[in-house]
Amino acid sequence: MFTFPIQFNPDKLLQEMTEAQQKMAGGLRNISQLREEDIQYGASEKDAIYREDKLVLYHFKPLVEDPFPVPLLISYALVNRPYMADLQENRSLVRNLLKLGLDIYLIDWGYPGREDRWLTLDDYINGYIDTCVDIVREQHSLEEINLLGICQGGAFSLCYTALHPEKIKNLVTMVTPVDFYVEEGLLNAWTGCTVGSESTNADLMVEALGNIPGDFMNYGYLMLKPFQLNVQKYMALLSIADDPQRVEDFLRMEKWIFDSPDQAGEAWRQFVKDFYQENKLIKGEVELGGKKVDLGQIDMPVLNIYAEKDHLVPPRSSQVLEEFISSEDYTVSSYPAGHIGMYVSGKVQKTLPPLIVDWLKDRA
Amino acid sequence: MDWTEQTNKMMNTWLETQQQFWQGWLSQVQQPVYPSPEAWQEATGAAGNYWVEYFQQWQQFMQPWQQVWQQGMQQFGQMNSMADLAALSRAYYDAFQQTYGQWLEMPTLGYSREYEEKLRRSSKLWQDVQQANLEYQAVMADAFSLVFQRMQESMMERARSGNPVQSLSELTTAWSEVADPAFSEVFYSEKFIRAQGKLGEAMMAYRIQQRELVEMFSEFFDVPTRTEVDAAHKINYEQNKKIKTLQKELSEIQSQLAELQETVVKLVKPAPKKSTGRGASVAKSTAKKA
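Taken in sequence, the protein lines are chains A and B. Counting in this note's numbering, the first sequence runs from 1 upward without gaps. Counting in this note's numbering, the second sequence runs from 365 upward without gaps.
Careful: at least some of the hints might be erroneous.
In silico DSSO-like cross-links for lysine-lysine, where the CA-CA straight-line distance does not exceed 27 Å [said to hold, decoys possible]:
{"#": "1", "chain 1": "A", "residue 1": "K54", "chain 2": "B", "residue 2": "K608"}
{"#": "2", "chain 1": "B", "residue 1": "K555", "chain 2": "A", "residue 2": "K167"}
{"#": "3", "chain 1": "B", "residue 1": "K612", "chain 2": "A", "residue 2": "K292"}
{"#": "4", "chain 1": "B", "residue 1": "K612", "chain 2": "A", "residue 2": "K167"}
{"#": "5", "chain 1": "B", "residue 1": "K605", "chain 2": "A", "residue 2": "K292"}
{"#": "6", "chain 1": "A", "residue 1": "K291", "chain 2": "B", "residue 2": "K605"}
{"#": "7", "chain 1": "A", "residue 1": "K54", "chain 2": "B", "residue 2": "K562"}
{"#": "8", "chain 1": "A", "residue 1": "K291", "chain 2": "B", "residue 2": "K606"}
{"#": "9", "chain 1": "A", "residue 1": "K99", "chain 2": "A", "residue 2": "K167"}
{"#": "10", "chain 1": "B", "residue 1": "K612", "chain 2": "A", "residue 2": "K169"}
{"#": "11", "chain 1": "A", "residue 1": "K54", "chain 2": "B", "residue 2": "K612"}
{"#": "12", "chain 1": "B", "residue 1": "K608", "chain 2": "A", "residue 2": "K291"}
{"#": "13", "chain 1": "B", "residue 1": "K605", "chain 2": "A", "residue 2": "K273"}
Which chain A residues stay away from chain B? Per the calculated CB distances, all over 12 Å, these [stated by the list, open to error]:
{"#": "14", "residue": "G26"}
{"#": "15", "residue": "I31"}
{"#": "16", "residue": "D38"}
{"#": "17", "residue": "L63"}
{"#": "18", "residue": "Y83"}
{"#": "19", "residue": "R114"}
{"#": "20", "residue": "G185"}
{"#": "21", "residue": "D242"}
{"#": "22", "residue": "R246"}
{"#": "23", "residue": "E254"}
{"#": "24", "residue": "I257"}
{"#": "25", "residue": "E285"}
{"#": "26", "residue": "E308"}
{"#": "27", "residue": "P336"}
{"#": "28", "residue": "S345"}
Honestly, the hints are just simulated from the structure, not real lab data. For each residue, glycine too, the CB sits at the ideal point set by N, CA and C.
Can you make the complete structure from the sequences, with help from the hints?
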């Protein structure tokens, strides 16, 4: 039997159109009442305890009377804003960890200006992260603290821990790229894992642009899934348009997606060339402050968490970590979510924070 | 004979006629006015040959354009993809490079040569951007074409299995199922990655060149340039880094010094004069040990 592939059912179509119009009318009412300042983020109270250049080190107010004695420092990626970890009350990794008794610090890298163009990875890792770790150690009179690295911040955490293992008690990496030659990742392919600098000429880009604009990065991310991120997402907005709370949630996420800081030129150049194009992290060839980063120096307990549907950091890119570190206490855990779903999915947030907290408490 | 061949033939005939005309004109001019100084005859005779040479050069110059014109006319009716358009554009680009493009690369003379060189280089880099953009668009068009092909296949499958699309939401879902996987297929290809990389390179090179031009004017009007500000930022950054390193070292030295002072204080602390019990004797023995 061969039927015509599109046979709109007039009743169904009419019903769809009516519903869509109702939603649009409701949506217009909602959006016209909203203002930019209504799109607030950050669910947990925090104090800025240290500032250096554009960096701010935050300490979240503990939510339990007697928090866990070893604090956790969170190092987020440079490519987006760290408030994703504490987006809103019902979508906050930080808040869930606080509720379970952790004492949390977070590094906010800020928005690099043109004057920050010369900052290198050495400045970020041996400079900023090291200073923040020392401040937290001093605040708690501890030799070692716990470190949680997210995405690119995870790669930074690996480098930092390999260079300063004496300061880190336990390391947690989340959606962290380790092997950049994994070809399942379109981002890896576009940045140079297949044809090297012919895909992205980092030297020329930094020479031409100084800092790499956040908008350039965003355009790249949107093109990784053009239909889903440029069409489908906004069609889905229509289906929730008459629900003010969901529209606000949508706009909050939209703000986070496009609120992308520029990338300090020299650091970006080094990250693209050494990590993406030459895969030096797993070869032990990344050099920071005159020292080689040897992942084999990571001998403390490591918890590696990845997202099974991650299109930015393919699972295999994270999974290989075990092969390159010397830790005998290595735990790996995965969730059926995408890169962003790890922070905002209700299902993930029910099980991920308890996993991290229990794992840390077992290794107190 | 089609009309493109006719056009070529007309052009060749025109050039030949021009040669004959100018040669005839020269021989006319030479004859009555300068009857016979031998040297002059030679000189003007040679000048006549220059015209011939000039037209030969002109013919050579026009040849790539004739070819590409012919190619364009032949292909125009048969073009059915962006790739064809890109190929034709490449042919025009090559013709340009063989003709005017060479002029843009020739060294210039005189007072404004430096400025002119920058302008001409800018023009060339702009053409590179256009060409790279066209090639990128051609691969993007391939991607869109694959998406439509996959959608057709999906619809055929639905038709075969008697499962037609009945609503707009089903249609959107059908698109979403085929679109991104098809885009990915093209986006992962080396052809796309290279085209994208080439476009990026062309744009960056053009931007750098634009900056050079802008900086020429900035310098003229005493306005600080991007390069100067970058250099100042670099010096600032390097000095900042040195200060931070020194601060860290100083802090380490200070803490070592504090530890040392503590040890020294312990060492030189005088023993109590009178022993008044057990505690004091312990202190004494500790001091001895130390």
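So, going through the hints one by one against the coordinates:
1. A/K54 with B/K608: holds (15 Å)
2. B/K555 with A/K167: Since the Cα atoms of B/K555 and A/K167 sit roughly 47 Å apart, the hinted pair is violated (cutoff 27 Å).
3. B/K612 with A/K292: Measuring from Cα to Cα gives roughly 21 Å; hence the hint holds.
4. B/K612 with A/K167: With Cα atoms ~16 Å apart, B/K612 and A/K167 stay inside 27 Å; holds.
5. B/K605 with A/K292: The given pair, whose Cα atoms are some 20 Å apart, holds under the 27 Å limit.
6. A/K291 with B/K605: holds (17 Å)
7. A/K54 with B/K562: At roughly 34 Å apart (the allowed maximum being 27 Å), B/K562 and A/K54 break the hint.
8. A/K291 with B/K606: With Cα atoms ~18 Å apart, A/K291 and B/K606 stay inside 27 Å; holds.
9. A/K99 with A/K167: Holds: A/K99 and A/K167 sit about 26 Å apart, inside 27 Å.
10. B/K612 with A/K169: This hinted pair holds, its Cα atoms lying about 23 Å apart.
11. A/K54 with B/K612: holds (19 Å)
12. B/K608 with A/K291: Status holds; Cα separation ~18 Å.
13. B/K605 with A/K273: holds (23 Å)
14. G26: holds (18 Å)
15. I31: holds (21 Å)
16. D38: holds (29 Å)
17. L63: holds (33 Å)
18. Y83: Nearest chain B Cβ is 27 Å from A/Y83, so the label holds.
19. R114: Violated: least Cβ distance 7 Å, not greater than 12 Å.
20. G185: About 10 Å separates A/G185 from the closest Cβ of chain B, which leaves it inside 12 Å; violated.
21. D242: Fine: 16 Å to the nearest Cβ keeps A/D242 off the interface.
22. R246: holds (18 Å)
23. E254: At roughly 19 Å from the nearest Cβ of chain B, A/E254 sits farther out than 12 Å, so the non-interface label holds.
24. I257: holds (17 Å)
25. E285: Given a closest Cβ separation of 23 Å, the condition holds.
26. E308: holds (18 Å)
27. P336: holds (19 Å)
28. S345: A/S345 clear of chain B: closest Cβ-Cβ about 20 Å, beyond 12 Å.
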